[in-house]
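Participant: Kindly generate the complete structure, drawing on both the sequences and the hints.
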Amino acid sequence: MSIFLDENSKVVYQGLTGSQGRYYGLLNREYGTNVVAGTNPKKAGTDVEGIPVYATVGDAVEATGANVSCIFIPAAGVKSAVMEAAEGGVELIVAITEGVPAHDEAWFFNKLQRDYPNVRLLGPNCPGLISPGKANVGITAGHIAKAGGPVGIVSRSGTLTYQALYELQQKDIGVTTCVGIGGDPVPGTSFIDCLAAFEADPDTKAIMMIGEIGGSAEEEAAAFIKDHVTKPVSSYVAGVTAPPGKKMGHAGAIVSGGKGTADAKMEALRDAGVKVGLNPTEAGELMAEIVAGL
Amino acid sequence: MDLFEYQGKQFFAQYGMPVSPGEAVQTVDDAVAAAERLGTPVMVKAQVHTGGRGKAGGVKFAASIDDVREHATNILGLDINGHIVENLWIEVASDIAEEYYASFTLDRAAKKHLGMLSAEGGVEIETVAAETPDLISKIWVDPVDGLTEEVCREWVAGANLNPDAVEGTVDILMKLYTAYSDGDADLCEINPLILTPEGKVHVLDAKVTLDGNADFRHDLDEYDATQKRDEREAAAHAKGLQYVGLDGTVGVIANGAGLAMSTLDVINQVGGSPANFLDIGGGANADVMSGALEVINDDPNVKSIFINIFGGITRGEEVANGILEAMKRVTIDSPIVIRLDGTNAEEGRAILAPELNDMLRMETTMLDAARVASDLAK
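Chains as they are written, first to last, in this note's numbering: chain W, 2 to 295; chain Y, 57 to 434.
Warning: the hint list may mix true and false statements.
When the alpha-carbon atoms are kept at most 30 Å apart in a straight line, the in silico DSS-like pairs for lysine-lysine are as follows [said to hold, decoys possible]: (1) K168/Y - K260/W; (2) K434/Y - K248/W; (3) K80/W - K43/W; (4) K256/Y - K248/W; (5) K247/W - K276/W; (6) K111/Y - K80/W; (7) K247/W - K111/Y; (8) K167/Y - K80/W; (9) K168/Y - K248/W; (10) K227/W - K11/W; (11) K44/W - K80/W; (12) K247/W - K295/Y; (13) K135/W - K247/W; (14) K248/W - K284/Y; (15) K260/W - K111/Y; (16) K147/W - K206/W; (17) K11/W - K43/W; (18) K168/Y - K112/W; (19) K263/Y - K260/W; (20) K167/Y - K112/W; (21) K80/W - K295/Y; (22) K248/W - K111/Y; (23) K206/W - K248/W; (24) K248/W - K194/Y; (25) K231/Y - K248/W; (26) K263/Y - K112/W; (27) K80/W - K434/Y; (28) K172/W - K232/W; (29) K247/W - K284/Y; (30) K231/Y - K112/W; (31) K80/W - K168/Y.
Simulated from the structure, these hints should not be mistaken for laboratory data.
Facilitator: Encoded structure:
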């Protein structure tokens, strides 16, 4: 099995007619994802390489039964795009767009929780998710992931996610689902959401978690692992040497007021029994040891 | 994006909050002229993007014009936590009966806006939080609901302020929330918020950080112009690169923020010291790569360059060709070590192989590449 996304997922791309949406939408289809629709209010009735375009997500859901939406809309439009997707009736919204204002993220996170509690949002500013061999939604390079499990991956960083997938593939270790939750201050899906889903997924036997500096998501994840996760976890936290007060690329990756350091996060994870590597390669090797012992 | 105090006060004033009249100046003569217009006594306040100004001698009371001249002379050019003072804010002095603290910021864990109010103002809130947490009255505001006056009153009641300050504080906090919310601020802090002997509540300091991602809703050019970036950061910013200057000797170019951070970690682990963080984003075409190489090459501390690329969607051969093309455009002074992995890495390495020499090396793993680059920098 996999979490959040599988071969039955039907995906609509908001922004399919834009350059990014088109590029990744078609790439995702090529991977095998069931890409059923795109949206653009001005281009309803047209198609992109055979993928029908509808005016709204609601129209697309009605016509195609889409249950996942993937957003490639510029940052200014993401707030309304997320709400359109939720109102349209999808179960999972994957927002790839980076540069969304934190106030917008906080607003739609709370709005969804209140009015659409069953809708899952992933992102914004995330690479998306892939259940290798089944479906790929977002910008992950599908061929670097080996299908089948037993490892589930959750990560705050895009390229490190790829690095993790690749290291496991090189060691011939498969992945059930790899979820990139993104590096923004208010991610729609948290480490804990993914850890809980992996814990419940019978095919996932071990979990790899990649964090980075800033905020307290890794510490919260560590507390959750201690109390609720029985499966072995390996981890890496990027930014051990990041200077305080500087944003390291991601809006959320900043050490401020002595909080959010990689050391504190690694300490919390070790306390929770997690095998912590000092670089992505080491975390991959630790996972290989875990898998060998399963 | 951090605002200077005076910019923060002007920002607050747009939302109707009471701030003192003042003028921003850059020279001693202008400080004196401003004080003459405003009338003494005034405060002479260093404008820097860091805390601890008072302790560093960057905030002085001036009873007379002579005092203004003396303080302005001393404060301009002062080094406060590595920030050199270039701007002063000359402000009409206020009489203070009591000092409070008020702020709004995003609580990332709670995913709500966090308001903090304390009768213990004028000191760092971290100190209050550590020593006397009971003195901070907190409120979590759901962004969908916003802050209602009723809720605000309860919150203020919880802070045990002087009863004379309650009405004025409620008024200011309602406006502060509007400024925070409508202005897309990461932080709006008033420390101190004062009660005057006449019973007026007044904003005496302003610390405002705005979210650069919301620039499509706001005109941030004025604030952007006063951001202090080191020269390297400014040059990289102009090229649209994500760059943070550090003080080591190994120049770093990586694709993706996480991989770039990880590259710094690995260099440190093998005993090297990174000169910078530089994320060139997903692709690695010749334009982006040559821009990145120019920025790194201009840093006199750089003794070697580590290019760490993981090909995802971007294929290895595209990356390799991009690097070679960029190297034709930019004359590089330091040896380069490349680590290319991921999609079509073999093809990419094959393209690079005939070009390798002492100045362009290649390693297959991140760790080995970091070792070689660090050794070359020694």
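Participant: Which hints, by number, does the structure contradict?
Facilitator: 4, 6, 10, 13, 23, 27
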